[in-house]
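Undergrad: First to last, the sequence lines map onto chains Z and Y.
Quick note: the first sequence uses the numbering used here, first residue 1, plus one each step.
Quick note: the second sequence uses the numbering used here, first residue 1, plus one each step.
Don't take every hint at face value.
What the hints assert, rightly or not - Pairs of lysine-lysine, DSS-like flavour, derived with a Cα cap of 27 Å:
1) Z:K223 x Y:K30
2) Y:K318 x Z:K263
3) Z:K381 x Y:K318
4) Y:K263 x Z:K318
5) Y:K381 x Z:K318
6) Y:K30 x Z:K318
7) Z:K223 x Y:K381
8) Z:K381 x Y:K223
Said to hold, decoys possible - If the Cβ cut is set under 7 Å, some of the chain Z residues that face chain Y in the computed set are:
9) G244
10) T288
11) R292
If you are wondering where the hints come from, they were derived from the structure by calculation, not from laboratory data.
Model, not experiment: these values are computed from the prediction.
Just so you know, even glycine gets a beta-carbon here, dropped at the ideal spot from N, CA and C.
Number of protein chains: 2
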Amino acid sequence: MSKLASNLQIDTARLWSTIHDTATFGGTPKGGVRRLTLSAEDKQVRDWFRQALEQAGCEVHVDTLGNMFGLRRGRDMSKPPIGLGSHLDTQPTGGKFDGILGSLAALEVVRTLNDAGIETELPLCVANWTNEEGSRYAPAMMGSAAYVGDFTPEDILARKDIDGISVAEALDAIGYRGDTPLGAQKFTSFVELHIEQGPILEAENKTIGVVDSGQGVLWYDGKITGFESHAGSTPMQLRRDALGALSEIVLAVERIATELGPKAVGTIGEAVIARPSRNVIPGEIAFTIDMRSAEASIMDSLDKNVRAAAVEIAARRKVEIALDLVWRIEPTHFDPKLIDAVQTAASDLGYSHRRITSGAGHDSCNLATMMPAAMIFVPCKDGVSHNELEDAKEADCGAGANVLLHTVLALAGVAK
Amino acid sequence: MSKLASNLQIDTARLWSTIHDTATFGGTPKGGVRRLTLSAEDKQVRDWFRQALEQAGCEVHVDTLGNMFGLRRGRDMSKPPIGLGSHLDTQPTGGKFDGILGSLAALEVVRTLNDAGIETELPLCVANWTNEEGSRYAPAMMGSAAYVGDFTPEDILARKDIDGISVAEALDAIGYRGDTPLGAQKFTSFVELHIEQGPILEAENKTIGVVDSGQGVLWYDGKITGFESHAGSTPMQLRRDALGALSEIVLAVERIATELGPKAVGTIGEAVIARPSRNVIPGEIAFTIDMRSAEASIMDSLDKNVRAAAVEIAARRKVEIALDLVWRIEPTHFDPKLIDAVQTAASDLGYSHRRITSGAGHDSCNLATMMPAAMIFVPCKDGVSHNELEDAKEADCGAGANVLLHTVLALAGVAK
Chain Z
1 MSKLASNLQI DTARLWSTIH DTATFGGTPK GGVRRLTLSA EDKQVRDWFR QALEQAGCEV
61 HVDTLGNMFG LRRGRDMSKP PIGLGSHLDT QPTGGKFDGI LGSLAALEVV RTLNDAGIET
121 ELPLCVANWT NEEGSRYAPA MMGSAAYVGD FTPEDILARK DIDGISVAEA LDAIGYRGDT
181 PLGAQKFTSF VELHIEQGPI LEAENKTIGV VDSGQGVLWY DGKITGFESH AGSTPMQLRR
241 DALGALSEIV LAVERIATEL GPKAVGTIGE AVIARPSRNV IPGEIAFTID MRSAEASIMD
301 SLDKNVRAAA VEIAARRKVE IALDLVWRIE PTHFDPKLID AVQTAASDLG YSHRRITSGA
361 GHDSCNLATM MPAAMIFVPC KDGVSHNELE DAKEADCGAG ANVLLHTVLA LAGVAK
Chain Y
1 MSKLASNLQI DTARLWSTIH DTATFGGTPK GGVRRLTLSA EDKQVRDWFR QALEQAGCEV
61 HVDTLGNMFG LRRGRDMSKP PIGLGSHLDT QPTGGKFDGI LGSLAALEVV RTLNDAGIET
121 ELPLCVANWT NEEGSRYAPA MMGSAAYVGD FTPEDILARK DIDGISVAEA LDAIGYRGDT
181 PLGAQKFTSF VELHIEQGPI LEAENKTIGV VDSGQGVLWY DGKITGFESH AGSTPMQLRR
241 DALGALSEIV LAVERIATEL GPKAVGTIGE AVIARPSRNV IPGEIAFTID MRSAEASIMD
301 SLDKNVRAAA VEIAARRKVE IALDLVWRIE PTHFDPKLID AVQTAASDLG YSHRRITSGA
361 GHDSCNLATM MPAAMIFVPC KDGVSHNELE DAKEADCGAG ANVLLHTVLA LAGVAK
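With the rest of the complex left out, here is chain Z (with noise of 0.2 Å):
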């Protein structure tokens, strides 16, 4: 690699201002975006985004589901591209980073490349992939999803939001239901920049999270019934209180997670007591459990040990318990040469960096089942996300392009 090539930097001023720019498209009161998935306000920002890339000089084309490619061409066409990107929606109450850094980035290493006169071997295409965060339309990773054939692009066109708007016809009401079939846009390989969601860089102070995997998901309903009677009248003994039950899963799940962490996690995020009563000892209660882990053989551990949790529990407070396992998806491992490519480019800028596991699910996830496929996380602010709040520093998003960059060029190679 020339000189020139090894020394590049992105333009960090540059890319603050973009992220800056398009939070106005959909940009709230406190601060956040709200930016559903195919609305009038991610029509602003596909827009600003695809005049952005034909100024760079790429080709863009949008599939059948609103997937948007930029495609710069490289010395070697005869091979597909190197992706990269990431998404441009946002959930309802979102910030200005979550996916909007990794689209952004991907147009300023475009940009940056351009600036240097650096002609690519392979050529390079910047990505945003349509209804990641799943707000207004189920499944999340939708776009990227349907790419690598989870579903029909007919199942997921005559999908219908709250409204009762289908995928289709909100696609056509932004005019971005495109030409190009779904799958037809290939690539070598795909790399994608996020930020962490989670605290662990902040916390540790690092720069950059090399991420070698995804979490394996499993998603439980569950039902408690116990025997609903008198807050007064029934003595300790002779109750069957549902959320004495629940409280007794909550901690089973946190002690199964933490026992078997670190590589794993375990939530209850919703709990609901039918008709609760200040006055009426809980007698039925619906909940969800999430648990995770980047490992196949703990995520067997985990059902099995939460499974044996909630049969003791009932048994011993004669309730039932009804646990329907209703999602699992296997971990994801990311390619080791990309891996390398992305720890390399990390060290060679100096940046310090650790190995991560990503919490949440990804595009990136669902392409790492087609091809190779790496993820760069940077740190925000206290971890939050999904939410107004969320932040980042300027430096770090500089420095997560710049490995963005430096792994992009890694694998396409520079001819010029």
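We have chain Z already, so just place chain Y on it with the hints.
TA: Okay, now just chain Y, sitting in the frame of chain Z:
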């Protein structure tokens, strides 16, 4: 007392049929009763009750808050009557016995005395107290609470239900805003028959509960503030999970009440996660605590121990826990002479019996603050109440009414 009077028995079959006849006013398909206070169904049962009392020779009058009184004259009208009765309103999905048994047994006592041609020395007064349940209007035991001066009639009349209808409007709508000033109907003493609403009598195979006390009540509103974060990307040791903290409080309340038992109970009946989501660690939970004991010193210990537990849990888990005591009522100690009268009646009639504490609040707990009062309990199936499945045996209801009859005769005296 004449042999006729001392051998007198109520007509159990007649009592049983009035219970089932009136259960059609608001009867539900599952065999329960939905008869919210001052509703159209409440008017139906009130009209029926007024007519039945009048046909039994009582002078019926109604006070400002709809409390109904049916006076059966005695030989000595210079003294206030012996009161007997309960309430006819039900929970939204209530049963056929809660309150209703005591009201209809009071009517049955009058009918039995009429049939036997017995005049009492003191007059009797059958009462139906407005809104014991508190389901439509707060507070519960509204009519009796205002009667003893805990609330002004103006305050109560202005209270509104969930549809914005005031008590005054509801009373006018069904024609039960009466002329009798609140508190004008005096009593020498008051006796109330009620189902236990708990499992003790059934578990010990006793027919009659001689109620010597009513539990005091501590009600708290609680709030836990942790930190909402991503279920996938937040390591276990960096969480501030509000539901984990709640679970420890639930188990602490259970343990504290059990340790201070058997004369103590503690319940968390409501717990609501703010912005619940399957993949978000709960950051905020509102909850209630209900703790009760018939002994003031135990109530003090319950209060002290639960506050200490909350402080310890909050510090260890790095969450905030606010506990706000919103209601404290002291234990009720029923009148020793009236308790003896109930116990003597049960013994003389040959019914198995035991002293018992009322776990629930009752109109008689309010009345006991102003006059000698007592209660009689009979078993209910599985201790279930506030439920369409609420059930009681015909023989037990008849036994309770007989104890009511002979307690009232002992208190009122027999003229002829």
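Undergrad: Indicate, hint by hint, whether the structure satisfies it.
TA: Against the structure, the hints:
1. Z:K223 x Y:K30: holds, 23 Å
2. Y:K318 x Z:K263: holds, 23 Å
3. Z:K381 x Y:K318: Between K381 of chain Z and K318 of chain Y the Cα gap is close to 19 Å, so the pair holds against 27 Å.
4. Y:K263 x Z:K318: The given pair, whose Cα atoms are some 23 Å apart, holds under the 27 Å limit.
5. Y:K381 x Z:K318: holds, 18 Å
6. Y:K30 x Z:K318: Within the cut-off at roughly 25 Å; holds.
7. Z:K223 x Y:K381: Status holds; Cα separation ~26 Å.
8. Z:K381 x Y:K223: holds, 26 Å
9. G244: Check passed: Cβ of G244 of chain Z comes within 6 Å of chain Y, closer than 7 Å.
10. T288: Result: holds, 5 Å to nearest chain Y Cβ.
11. R292: holds, 5 Å
Figure legend: structure checked against the earlier numbered hints; every hint is met.
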